[in-house]
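Could you build all of it, start to finish, from the sequences and the hints given here?
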Amino acid sequence: MVTRRSWGVVAVVTAIFAAAVSYFLAAPRSSEPPPSAPSQGSDWISAAADIAVDGFDRLADAWELALPADHGVHSEARTELWQVSAHLADDDGQPVGVQFMLFRIGLAGPDAPPPTSSWEARELYRGHVVLVEAADAAIVAQERFGRGMAGLAGYDANRGELRLDSWSLDFPAQENSGQWTLNTGPGDIRVELELTPEKAPLRVDSDALPFRGYAFSRLRAEGTVGTQEDQRSVSGTVWFEHLWGELPIPGGTPVASDRLQVQLDDGSELSVVRSRRLDGAGTPTVEALLIDADGSVAAFDDDAAQLELTRRWQGAEAAWPVDWELRLGDLQLAITPVMDAQEHAFMVRVWSGLVQAEGQHGDRPVSGLGTLQLTGYGN
Amino acid sequence: MKQRILIGGTVVTLAVVGLAIAWLGGFLPSSPGADPERHRSPTGEVPATEQRPGDPAAGYHALVNEAYVSCGMPHEAWRRLAPETDPADLLPGREGRNAELPYFLTAHVNADGVEIVSNNCLVCHAARIEDEVVVGLGDALADFTGDPRNLVNQVGRYVRGPAQTAAWQHWADRIEGIAPYIRTDTIGMNPATNLSWALMAHRDPRTMAWSDTPLLEPPPETPVPLRTPPWWWMGKKNAMFYTTIGRGDHSRYMLFASLLCADRVEELREIDAYAPDIRAYLESLAPPAFPGEIDEALAAEGRPLFEANCASCHGTYGEAPRYPNRVIPLDQIGTDPLYAATMTDGSLDRFYEWVERSPHGGTVRAAPAAGYIAPPLDGIWAVAPYLHNGSVPSLAALLDSRLRPRYWRHAETREYDAEAMGWRHEVLEAGKDAAAPAERVHIYDTTLPGYDNGGHYFGDALSEQERRAVLEYLKSL
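Going line by line, the protein sequences match chains A and B. Each step along the first sequence adds one to the number in full-length UniProt numbering, with nothing skipped, and position 136 is 136. Each step along the second sequence adds one to the number in full-length UniProt numbering, with nothing skipped, and position 45 is 45.
In case anyone wonders, no lab produced these hints; they're calculated from the structure. Be aware that a few hints might be false.
A few chain B residues that don't get close to chain A, going by computed Cβ distances all over 10 Å [as the list claims (entries may be wrong)]: (1) R79; (2) L81; (3) E84; (4) G156; (5) L216; (6) D263; (7) P288; (8) I294; (9) A300; (10) G459.
Beta-carbon label-pair distances, calculated as ranges [said to hold, decoys possible]: (11) E317/A / R424/B: 38 to 48 Å; (12) A112/A / A163/B: 22 to 32 Å; (13) A163/B / S166/A: 36 to 46 Å; (14) E76/A / A58/B: 39 to 49 Å; (15) E317/A / T222/B: 39 to 49 Å.
Some chain B residues near chain A, calculated using beta-carbon distances under 7 Å [unchecked claim]: (16) D147; (17) N153; (18) V159; (19) A163; (20) T165; (21) H170; (22) E176; (23) R206; (24) R269; (25) R322; (26) R326.
Everything numeric in this text was worked out from a predicted model, so none of it was measured. Don't be surprised by glycine CBs; every beta carbon is placed ideally from N, CA and C.
Right, dumping it as structure tokens:
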């Protein structure tokens, strides 16, 4: 069929699935950079994108998702990310959001000679955590960097533990049983969540994409946030993604993408990627994906996905489009942030925050919480 | 995606002739655009035009190696998205990077040192049959139903550095300019004609300079449904395309394909230097032989029937072949009139004038006739689906209009039906409206504008046995 011969068409079609499942890499930076932090964030990103150009081949071998092994590091891949987006409520029902992201850059390909010393860095890690509490309009965030080293940064296969300093994500030893544990938090605030998958993982794999991975679009989450003195119980749902291969590096390319993930109270989830040219030319494109309560997936392209940016919020460095109106087939949603000021001066300047969704799915009213990540605005 | 680039170009030979006559007559026409008849051709016989000679071998080399489409994706970014090249998609005679690219892509290094990968002519004008690329066969499954801007942004996510970014922007700007006009609603339909109008709308015909905002009123957004005809008919045809719009120097007309990216007259001239070689190669192309058994006795029975009933329009074959080059008026042929009508109703004349004012004006002209040329039938077995709009899935149905399905789609796997003479298809109960959105692009719905499957009823008068004999004979062409 034509798909065999016209790769472009394939790329478009498959990316609608895969891209929407996940590939947007938010690479936010700490909201309060220390005075010594480099101000040329995007230069750092370009450099990061260049670091490991050689030594890695495009992933091409056949792959079947195998958990829990695939939770860990794929050292044959140049870049890799793990991302947790938590949409929670406190005891008063007020929205609480947690974003946890870990990004790995391989410094030496799989064919490189073994390191001559344990001090020889083979991997760099970048992570961030953001905690948003709507009740008191509080937002705290932190960004960290580290190099791969046993016990400090990386994945411990024996323990099933992904770690960057004191932040960790523990996976269960067996594929279909046990809870995951997220232990993170900005500064002296701790976030501890127990996660239980409620839907089977979606596999992201296509000949037309240079990366692969999987997404758990719905895990049940229970836990606490707060300082040691002031712990609050929270519960809700989490979206987890893990991708590896040649991932697009935001800030280093002429295209920027916005990513919206929403978990609705009717048991469905949706993912929307909106991409646009940074030079201001061209027409933005939209790739969207809706996952039903029973786990079936429907993709929407520009024709079927109508998206309007209805309000911008002027932050310190950019006017961010924080309100969206969205129509995907018979799903209609208004997206608004739980508060406007969710801008972060991470390595790449982002607005990355907790949003509320309200609307109709067919004839039923739906609502939910989501995470919206915006990049490439401002100068 | 396959951004296409063919052109319905146009020209002005008539105008030049008219001007000369006017000069001799002692006056100049007051307005060069005054007489729309300059942009029309009569139905009936198409007169021959002398073509510039060329070298077919050099033409093939240029076709599969030269960067006549000079903007595209940075190779480094493309490589991230593209899968491994299927070995069956490789073509012989390709040099350097091209030797490892699929047949429909050509690489070159631009002035900034960035290696660019672009679609070439073969994106529409070649197709796989089994594991073989048949150069010249219009791809019946080429898919232009998606928005090419998705690919632009996907590639852009892997573009790095100022030189790559500039190259990508150049291509992205062009795709942005044409994207609204080249989306078809059915897989297999080709938007090339509309593409050419869109490109002309964005270019100054004198300088070739691109303008992001259209300089002429753009064409309608929806392309008229059209099936890509095979290249191996070009040697016999005195004018190009179904309505014989392409007149004069065919090599110049077809290399309007470069309009997607050629921003300077000099670039057009450089391409024109090898264009006659490419035309000579196309003229040298032979159709692929029918892959199955032919019942020679039955075919011999069919030959006199063909010559009595079909040859006056489609010509004779075998020794001393003859091809009459006849455009059949719409009321005689009766096939879907939309294409010929829109080409000749004046609504596109501004583009024919563009051709006239272009650097190739005077040697090519866009002058469609209000009808369709009866094509040569060489290799007709491979050219399914039939008629200019691809509305009839098989030759058996073409010769017996009672068999023509109102709604149909290609079968999931591409397999030739030697009895019906066409790619296997499924007849459907309902059209696009009743189908799920993802299915619609697969459905040929002959109730939609431009898709009508009526007309060309000449086979209906034959007996069943006579039709079988004619079909068998057609396998031998």
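Hints not upheld, ascending by number: 1, 2, 3, 4, 11, 19, 21, 23, 24, 25 and 26
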